[in-house]
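All chains should be modelled from the sequences, with the hints used to inform the complete structure.
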Amino acid sequence: MSETLKITDLHVAIEGKLILRGVNLTINRGEIHALMGPNGSGKSTLGNAIMGHPSYEVTGGAIELNGENVLEWDATGRSRAGIFMAFQRPMAIPGVKMADFLRHATTNVRNPERKEGEELIPMRQFRKELTEKMDQLRMDTEFARRYVNDGFSGGEMKRAEILQLAMLRPKFAILDETDSGLDVDAVKLASESIAEIGGEQMGILIITHHDKLLERNTPDFTHVMLGGKLVETGGVELARELYTDGYDRIRTSYPEAAAAEEAMTEVEAV
Amino acid sequence: MSVMLTNTGFTQEAFDAFLAERSEPDWLADLRKNAWSRFDEMSLPTSRDEEWMRTDIRLFKLDKFSLAVESNEVELPRALLAEGVELGGRSVSVDRRSVECQLSEKWSNQGVLFGSLDAIVAEHGDQLRPYFERHLVDPHFDKFSALNAACWSGGSVLFVPKGVQIDEPLHSLSVMSDGGTDLGKTLVILEEGAEATLLAESASTTVDAGGLHCGSIELIVEKGARLRYVNLQNWGNGVWHFAHQMAHVAANANLQWTIGALGSRLAKVNQRVALIGQDAEAQVNGVMFTQGKQHLCYNTHQHHQAEFCQSDLLYKAALQDRSRTVWRGMIQVDEGAQRTNAYQRNDNLMLATTARADSIPGLEIEADDVRCTHGSTSGRVDDQQLFYAMTRGYTRQEAVRMIVSGFFQKVFDRITIESVREALGEAIGRRVRDI
Chain A
1 MSETLKITDL HVAIEGKLIL RGVNLTINRG EIHALMGPNG SGKSTLGNAI
51 MGHPSYEVTG GAIELNGENV LEWDATGRSR AGIFMAFQRP MAIPGVKMAD
101 FLRHATTNVR NPERKEGEEL IPMRQFRKEL TEKMDQLRMD TEFARRYVND
151 GFSGGEMKRA EILQLAMLRP KFAILDETDS GLDVDAVKLA SESIAEIGGE
201 QMGILIITHH DKLLERNTPD FTHVMLGGKL VETGGVELAR ELYTDGYDRI
251 RTSYPEAAAA EEAMTEVEAV
Chain B
1001 MSVMLTNTGF TQEAFDAFLA ERSEPDWLAD LRKNAWSRFD EMSLPTSRDE
1051 EWMRTDIRLF KLDKFSLAVE SNEVELPRAL LAEGVELGGR SVSVDRRSVE
1101 CQLSEKWSNQ GVLFGSLDAI VAEHGDQLRP YFERHLVDPH FDKFSALNAA
1151 CWSGGSVLFV PKGVQIDEPL HSLSVMSDGG TDLGKTLVIL EEGAEATLLA
1201 ESASTTVDAG GLHCGSIELI VEKGARLRYV NLQNWGNGVW HFAHQMAHVA
1251 ANANLQWTIG ALGSRLAKVN QRVALIGQDA EAQVNGVMFT QGKQHLCYNT
1301 HQHHQAEFCQ SDLLYKAALQ DRSRTVWRGM IQVDEGAQRT NAYQRNDNLM
1351 LATTARADSI PGLEIEADDV RCTHGSTSGR VDDQQLFYAM TRGYTRQEAV
1401 RMIVSGFFQK VFDRITIESV REALGEAIGR RVRDI
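Chains A and B supply the protein sequences, listed in that same order.
FYI, in the numbering used here the residues of the first sequence are 1 to 270.
FYI, in the numbering used here the residues of the second sequence are 1001 to 1435.
Be aware that one or more of the hints could be misleading.
Taking beta-carbon pairs under 10 Å as the criterion, some of the chain B residues facing chain A (in silico) [as the list claims (entries may be wrong)]:
#1 ASP1382
#2 ASP1383
#3 ALA1389
#4 MET1390
#5 ARG1396
#6 GLU1398
#7 MET1402
#8 PHE1407
#9 PHE1408
Straight-line alpha carbon distances no greater than 20 Å define the calculated SDA-like cross-link-like pairs of lysine to any residue that follow [claimed, not checked]:
#10 B/LYS1106 / B/ASP1167
#11 B/LYS1410 / A/TYR147
#12 A/LYS97 / B/VAL1381
#13 A/LYS97 / B/THR1416
#14 A/LYS97 / B/ARG1414
#15 A/LYS97 / B/GLU1398
#16 A/LYS97 / B/GLY1429
#17 B/LYS1410 / A/MET91
#18 A/LYS97 / B/ARG1421
Derived by calculation from the structure, the hints in this document are not laboratory data.
Note that this is a predicted model, so its numbers are computed, not measured.
Every residue, glycine too, gets a C-beta built ideally from N, C-alpha and C.
Here it is, written out as C-alpha cells:
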C-alpha cells in the first residue's frame, strides 16, 4: 500500500485571522509536488500547519498520514511519524553543536518510542553516517562542530537543513523556499543533493519561486496557491509558465481568490 | 539522634561560652573579641544601604539561629563534584564538626595541610597566624563579616608549601542539617610556585532544609602559584546564605575560581578578587540556576592593583518560576595598574516571564592605559526555538533542556575540570521544568 499524506479542506488561522481557506492536497510517497504562489498567499502557513506550529490554529478540515489523524499529534509526534520541514529561516540554538543536535534528533526520529534519557545512536556509528552525508553534500566536516544555525550565512542554513533532511530520512518532506537566498550554483547543488539523498523515496512538497530546484527534482504536480486556496493544479509545464509569466493569468482566472489575496495583503500592510 | 540545646541566639553570654569552650591561641581569641565588638555595634543591613537595595532581608531573624554547636547524626547528601575523580584528599564536616578528613601521605609528607580549620589552627597556629592577620575579608565590612570573624567554627583549610604541586583534586563537603547554623571559614594558601585544585561544596541534608550560612572564604595565591578553586553552593531552599569571599593573586600567579550557585532561599555573596602583583591572572566563572522564589544576589569585584594583570569574569544565570538574581559587577583599576586587561560579562536566560534578573556592571578606572570591557545580555527560551527542535523529534522538555545546556556551554567550556562540568550540567538538567 502506498503511503499518503492527505490534506482535506484545511482551514488555518493565525491570531484569529483566517489564512488558509480550504486546502485540498494529497501527496503519495515517491511523488514530488511543487507549491507556487505569490508572497503572502499562505504557502508557508500550510507548511507550518502540517508541522504543528502552536501559533497556527486549524479551524477546520483534516491532515492525515496513512489514515491517522495528524492533528492529534504535537510537532514532536509529527516529526517522529516521518514528517519533516526544511525551514525558510531555521532557528539558531547557541551552544549546541550541530552534531550533538542531530545525533539526538536522529535517534528520536528513528526510535519514535524513545523516552528522554534512553540511549542515543552509538557515537561511532552516528559519526560515520554523518561524515558520509556531509561528504555527499560537499560540506566541510568542521560544520558539525559549529553551533546549530548560529552565525550561519543564508546558504549555510539551507545546506544545514538539507543535511538534516538527509539524516532524518522522513517519509514526507516540505522544503520551504530552500532555494531562496542561494546563488545559482548553490541552488544547483541543493537540488542535486535532494535527488542524491534519496528524494525518490519521499513524498516532497517544494515551496519555491525558482525553476532550478525543480530542474533536478521534476515535479509530478504543480499547485498554485492564491488567497489561501489551491486554485489550480497541473504538471511541470504549469511551474514553467508561472516562473516565466507570473501570476496575472491566475489572478484573472480566479477573481474570488485574487480578491481574498488582496484583502490578506492589505491587512498585512496595515 | 540529636542533642537539643537551648537556643541562646547571638548574645554576649553565648559568645563568652563559645570562647571558653575553645582552646585557641590568644592572638586568635583577640581577633574574635575584636570582631565581636564590631558585630555587637552594627545593625543588620537594610534596603537603605545601597548594596542591599535589591535584596530584602526583613524576614531574616538572626535570633532564630544559635551559636551553640549541636551534634546531629545525619545522612550525608551525595557529593556531586567528586564523582569519578581520583582525589588527593577529602574532608567532610557536618554542622561545623569535622566527621572525616583524609590527605594522601604523598602530600602530607611534603608539608601540605588540609582539613578542618578548627583542628589545624590549634596545631599549626603560628604558621597560619600571618594569613589570619592579613584580613582578606574585612571583619568590619558588615554585620555578617563581623559575625563570621568572631564566631567561625569548623571550616576548612588548605595550605600548600612553596613549590609543591598537587596534581590530584582535593574535595571538601560541608553539610548543614535542617534549621542549623553554619559559620564556616575557608582559608586556602598556596605558597610561591605551588599548585592545587580544591573542589568545595556545601549542601543541606534535605532539599527543603532551612538554616543560616554566614561564611567567609579567603584565597591567598602567592607568586607564581596556580589555584583552581570550585565552590558549589547547593544549600536547601530554606537556607539564608550570606558570604564574603576574597582572593589575593600575587605576581605571575593564576587563579581560576568557579562558582556554582544552585541552592538557598536568599543569597547575598560578595566575591572579590584582587590582583596584587604584576602579571597576575584571574578567571572567574559563575553558573547560577534559580527556581521557586529564590533570590540570589552576587556582588563581584575585580580589583586591579598592579600592572599587566588580567581578569576575566563570566557569570551565567538561568531562572525559572518566580526566582530572581542580582548581579552587580565592578572592575576597579588603581592608578598604578597600567596595561590592565579586564573583562566582565553576565548573561541571563529567563525560563519564565515571572522571573527577574538584574544585571549591573560597573567600572572604576584610575589608570589611563587599560582595556576594560563589560557586557550583559538577557534572553528567553523562545517558542520558535522550541518548535524548531520539536520538528526534529525532540520533546518539548528535551528541547528546553538542550537550549538551557547550550546557554551554559560557553561557561562550561572555560571550566577545565570535567567532573565539575558534568556535575553542574546534571544538576541543572534535573532542575529544568517543562515550560
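Here is what the structure says about each hint:
With a cut of 10 Å, the hint placing B/ASP1382 at the interface with chain A holds, because the nearest CB-to-CB distance is about 8 Å. With a least beta-carbon distance of about 7 Å to chain A, the hint placing B/ASP1383 at the interface is held under the 10 Å criterion. Hint status for B/ALA1389: holds, given a least beta-carbon distance of 7 Å to chain A, under 10 Å. For B/MET1390, the suggested interface contact is upheld, since its CB lies about 4 Å from the closest CB of chain A, less than 10 Å.
A distance limit of 10 Å between C-beta atoms decides the matter here; for B/ARG1396 the minimum to chain A is near 7 Å, and the interface restraint holds. Proximity of B/GLU1398 to chain A holds as hinted, the smallest CB-CB distance being about 5 Å (cut-off 10 Å). About 6 Å separates the beta-carbon of B/MET1402 from the nearest beta-carbon of chain A, less than 10 Å, and the hint is met. Annotation: interface hint on B/PHE1407 holds; nearest CB of chain A at approximately 6 Å, less than 10 Å.
The beta carbon of B/PHE1408 is positioned within 10 Å of a beta carbon in chain A (closest approach about 7 Å), and the interface hint is therefore held. Under the criterion of a C-alpha separation no larger than 20 Å, the hint pairing B/LYS1106 with B/ASP1167 is consistent with the structure, at around 11 Å. Straight-line distance between C-alpha atoms of B/LYS1410 and A/TYR147 comes to about 11 Å, which keeps the hinted pair within the 20 Å bound. With a C-alpha separation of about 17 Å, the suggested pairing of A/LYS97 with B/VAL1381 holds against the 20 Å cut-off.
Taken as a hint, the A/LYS97 and B/THR1416 pair is honoured in the structure, with Cα atoms around 19 Å apart against an allowance of 20 Å. Our distance criterion of 20 Å between C-alpha atoms is met by A/LYS97 and B/ARG1414, whose separation comes to about 16 Å. Distance restraint check for A/LYS97 and B/GLU1398: the Cα-Cα separation of roughly 15 Å lies within the 20 Å cut-off, and the hinted pair is therefore satisfied. A C-alpha spacing of about 17 Å is found between A/LYS97 and B/GLY1429, which places the hinted pair at or below 20 Å, so the restraint holds.
The suggested pairing of B/LYS1410 with A/MET91 holds, with an alpha-carbon distance near 19 Å, which does not exceed 20 Å. Straight-line distance between C-alpha atoms of A/LYS97 and B/ARG1421 comes to about 17 Å, which keeps the hinted pair within the 20 Å bound.
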